[in-house]
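As a plain string of letters, each chain reads:
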Amino acid sequence: MMTSNTHTFRRALFDLLSSMRFAISLLTLLAIASIIGTVLKQNEPYVNYRVEFGDFWFSIFEPLGLFDVYHSIWFLLILAFLVFSTCLCIWRHFPGVMREIRSYRDKASANSLRLMSHHHEINQPLEQEQVCQHLTEHGYRYRLRIDGDATLIAAKKGSWQRLGYLFTHSAIVVICIGGLMDGNLPLKVMEMLNIKTAETRNVPQSQIPEMSRLASNNLSFRGNVSLSEGSSASVVFLNSGNGYFVQELPFILKLNKFHIEHYSTGMPKLFASDIDVLDIKTGKVIQSGTIKVNHPLVVDGVAIYQASFGDGGSGLEFVQWDLLSNAKSKLAAQSQTELALTAGQANYRLEIGDLRPFNIETLDKTATTGDTSAVAVSPLQTALASAQSVQGDRNVRNLGPTIQFKVRDDRGQAVEYQNYMQPFIENDSSYFITGMRREVASAFAFTRIPLDQDMQLDAFMRFRSTILNEHLHADITKRTAAKALKAGGVSASGEAQFAEIAEGVLFQFSQGGFPAIESFLEKKVPQAERQVVAQTYLKILQSAAIDAMELAQAQAGLPVTPTDNMQYRFLMDSLVATSSLFDYGSPAILQLTGFNEVKSSGFQLTRSPGKNVVYLGSLLLIIGIFCMFYIRENRLWIRISPHSTLIAMSSNRKTDDLNREFAAHIEHLAPNQQQAPL
Amino acid sequence: MNSLSLKNRRFNTADVLFTLFIVVTALVSWQKYHSFLDYYEQGILIGSVAGLCWFGWFWPAMRVFFPVCGIIALGAIELYAGDLSRGQTEFWLKYLLSSQSAVMWMCVLFFLATILYWIGLLRQSATALSIASGLTWAAAGAAMISKLVRWYESYLIGADVGHIPVSNLYEVFILFCLMTALMYLYYEAQFAAKTMGAFVLLVISAAVGFIIWYSLDRQAHEIQPLIPALQSWWMKIHVPANFVGYGSFAIASMLGVAQLLSARGILTNKLPSYDTLGEVMYKAIAVGFLFFTIATVLGAMWAADAWGGYWSWDPKETWALIVWLNYAAWLHVRLIKGWRGDILAWWAVIGLFVTTFAFIGVNMFLSGLHSYGGL
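Going line by line, the protein sequences match chains A and B. For the first sequence, the working numbering puts the final residue at 678, and the numbers step up evenly by one. For the second sequence, the working numbering puts the final residue at 1375, and the numbers step up evenly by one.
Think of the hints as simulated: they come from the structure by calculation, not from any bench. For each residue, glycine too, the CB sits at the ideal point set by N, CA and C. Hints may contain errors.
Stated by the list, open to error - Each computed DSS-like pair below joins lysine-lysine, with the alpha-carbon atoms no more than 30 Å apart: (1) A:Lys107 / B:Lys1337; (2) A:Lys269 / B:Lys1032; (3) B:Lys1236 / A:Lys269; (4) B:Lys1236 / A:Lys292.
Said to hold, decoys possible - Partner residues aside, some chain A positions facing chain B, computed with beta carbon under 10 Å: (5) Leu27; (6) Ser34; (7) Gly179; (8) Met181; (9) Pro268; (10) Thr290; (11) Val293; (12) Pro296; (13) Ala303; (14) Ala307; (15) Leu380; (16) Gln391; (17) Leu605; (18) Tyr615; (19) Ile625.
Whole structure, please, built from the sequences with the hints as guidance.
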């Protein structure tokens, strides 16, 4: 009784696990899990998730493995069940399928043939030979059986259709096995058993303990390493949850040179790395080559891919302008390093980021192109006209190299900068462009500082130091007042008062630029007059700027530049820049003057022994699907009795094709024969 | 019905002529260009001869379609004479044959075809349906010509810019219209059921609407060079294979809509029978499933070259898997459980939403490696 029950239970379990219902449920689960994995960004640093979801949800999501769904235990379990269930399904159906493929079903009786939906009976025996010839002609194989006084010709075609089932289902299993070979299941198990642990600290590679290192004979891995030009590595890093593992390589990878090319539109055209692969023991070159995106190099079963690129620590030369003392000095540094920066009493850290040699920018199509005389065209017409040509006329230009860096004060507050090396030219004037931001998320606020004829900041810095120097204000305003008197702008009696006002304006300006003047006006001048006074102040400041420049030139022992339009614009731009620099956040301006670029290249290295297994499975899958849908298994029976013939046909798919073919066979075998009365 | 099966269709004169035409074309190409072709490309040339001959034999209409499109495209190339700016000055190029003009003609013809299919369906007018069918053929021809001419135009922009026009969302939408229309025309002829067109052309018209907006509002028609990740010959086969899949799933879903309406007494007498719609829907999904599988496998092989692994659970890959699982389940319940009727129709309609998300939604809402067709 007991055994029988167990037996029934086992039978039921077997039926359930090998059933299609179960398989479809698993597929549904798999699909849902996959959707979660695509909606939730996978394998981000854990900090990001904490910020996004908050501690509460993080503490729920993290143990569920939602941050790496596809490698979580439960996901692998679903896959395992799917493979298991598919295996059982194959096991269950294999004998039947093989029987079907072999059998001709020649045991069919006349009655069973008459029960088929496609059958036809005529009152005349057909010529056996003629029938067989017809069958061969149409690709049927047949078997004859004598059944009493009748001969049954059982024919079939397209039995391979049945193999489609076996092929597709075993393909699923084969693909999963291949995937498993390339997966990190062994590593997961070792992690669970505490044999290996992921490293979470940021320490030099050589100091990472054995617990977090994987030997070079590891069956499969997929890791990354970034190399500067000229450097080499014998390990790659594998991301794992919140940390990483160090995977030893069976060779040394050396980057000689990284190449990057652009199209004329500024889009990247080529990323390529010239590499050497060295023997791990002797250091001799085993293989050399160039790898590109889409063209990996396979060495010793390890495929080396071009994955990313960047700055690899370039030599940089700066001119440093101290904004307090206005002193000019040279600074040599390297990108991606830190150094101390002293200005006055305060100490700062200069954290140099990446050098970017190209900054290609797409400018909008200028609206003024084409004839302006034309009658106003509707936007639709413009769009239609531009839709005719497949060649865009976008303006692109290379703004040249930039350097990004942070200046951190002793309280740990950092301000980030992005400075362009090349002058930015607009309306024949040249500018030095520096961008500043206090928060990583915000955009850079750019300041344009006008350059002198030598494309240097010297003239501007002379101007700035003069106009901000309170001791020189009296001197400047005296010149301004004298000029105003000469031009008849003020009367002789008003000259002193004018000078006094001008000095006041300069004082306010030297305290905080235009915003300082504005707040001064807000405090002291009634609102009704504010606009007029502001205009006057601005004019005074503009005139004083000319004199400040003249004074600065004189003090430096340099000739005075005549105040033409160019010079005037230079001065106005200098006023704006001086005002902006009050909120610059850095004690110095760093102007990049030269660099020696060293690029870095990011590589992905993989060993995936399961790849060919997966491809085999894929091939099986495609052949299987083809067999299932495009080979129709047809069976024909022609039962020739002495006085009648019974023709029946069946197919694994009840489609219109069957009706058509059946009719065609009848037409061919027994033309103009009436259906026998039943 | 004279032919029992493919195996027994005899070669007729038209087949012989077509084969001859293809072989001669290939020989001329070989003669002129074989020094530029590497071994792969020589193999592909020989393979395409075999493929085209088989295709023309399998679907006789292609014996006319391919040569006509090819000759017109060659004519356009001749008119260009190696100078892209002639597209704006040469009359035939400007108004008919430059790729953008051909696309605009395609759009117009598809819209007209849709309207005529509906007139034909509602008025039960065989004439309107025949004209609609003709317009769809013309639109498909325009799409084919635009693809061929655009391919050439891309090389006129720059030798390093030239590439097959299946590299961004704009280009693949035209491919989608082409594939869907051709597949539909095949079923229309095979099942002698032209009224299905009213529904299938709706989804094509939607795609055409998108193309027009995308081109006029976003200037998406401009030919852009290929970024390094796309510089691979896998693209030439992965993308078209995918669009056979998308196209047939779209057809299946529209037939699902027709079937659902028919079951509710709407247009029941005017549409093909409920079972015929179901049958065509099944055939479309079967062919789509096969090609989608091939496309996904090709995609995996490409990924193994470009991204360092054949499967990275990238959102696009994952959604391709979801689409695949969806239709695998659909086919299982139809073939093995023997399901028929409304539920499969509903499922096919929902399937289009899943497919559309995998096709466009992933690019719009999810980030990943496969971000070549962002809006």
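Status of each hint after checking the structure:
Distance hint between Lys107 (chain A) and Lys1337 (chain B) is fulfilled; the C-alpha atoms sit about 27 Å from each other, no more than 30 Å. The suggested pairing of Lys269 (chain A) with Lys1032 (chain B) holds, with an alpha-carbon distance near 29 Å, which does not exceed 30 Å. A C-alpha spacing of about 19 Å is found between Lys1236 (chain B) and Lys269 (chain A), which places the hinted pair at or below 30 Å, so the restraint holds. For the proposed pair Lys1236 (chain B) and Lys292 (chain A), the alpha carbon gap of about 19 Å is at most 30 Å, so the pair holds.
Because the smallest distance between the Cβ of Leu27 (chain A) and any Cβ of chain B comes to about 5 Å, under 10 Å, the interface hint for this residue holds. Restraint check, Ser34 (chain A) versus chain B: the minimum CB separation of about 5 Å is within 10 Å; hint holds. The beta carbon of Gly179 (chain A) is positioned within 10 Å of a beta carbon in chain B (closest approach about 7 Å), and the interface hint is therefore held. A distance limit of 10 Å between C-beta atoms decides the matter here; for Met181 (chain A) the minimum to chain B is near 12 Å, and the interface restraint is violated.
Contact between Pro268 (chain A) and chain B, as hinted, is supported at the beta carbon level, the nearest pair being about 6 Å apart and thus within 10 Å. Proximity of Thr290 (chain A) to chain B is violated relative to the hint, the smallest CB-CB distance being about 13 Å (cut-off 10 Å). Annotation: Val293 (chain A) was flagged as interfacial toward chain B, and the flag holds, the nearest CB pair being 4 Å apart, inside 10 Å. Restraint check, Pro296 (chain A) versus chain B: the minimum CB separation of about 7 Å is within 10 Å; hint holds.
Because the smallest distance between the Cβ of Ala303 (chain A) and any Cβ of chain B comes to about 7 Å, under 10 Å, the interface hint for this residue holds. Using the Cβ-Cβ criterion of 10 Å, the hint placing Ala307 (chain A) at the interface with chain B is satisfied: the shortest such distance is roughly 7 Å. Interface hint at Leu380 (chain A): satisfied, since its Cβ lies 7 Å from the closest Cβ of chain B, which is below the 10 Å cut-off. A cut of 10 Å between beta carbons decides the hint on Gln391 (chain A): the least distance to chain B is about 5 Å, and the hint holds.
Interface restraint check for Leu605 (chain A): the shortest CB-CB distance to chain B comes to about 8 Å, inside 10 Å, so the restraint holds. Interface hint status for Tyr615 (chain A): upheld, as the beta-carbon distance to the closest one in chain B is roughly 7 Å, under 10 Å. Because the smallest distance between the Cβ of Ile625 (chain A) and any Cβ of chain B comes to about 5 Å, under 10 Å, the interface hint for this residue holds.
In terms of the numbered hints stated before, the structure departs from hints 8 and 10, listed from lowest to highest.
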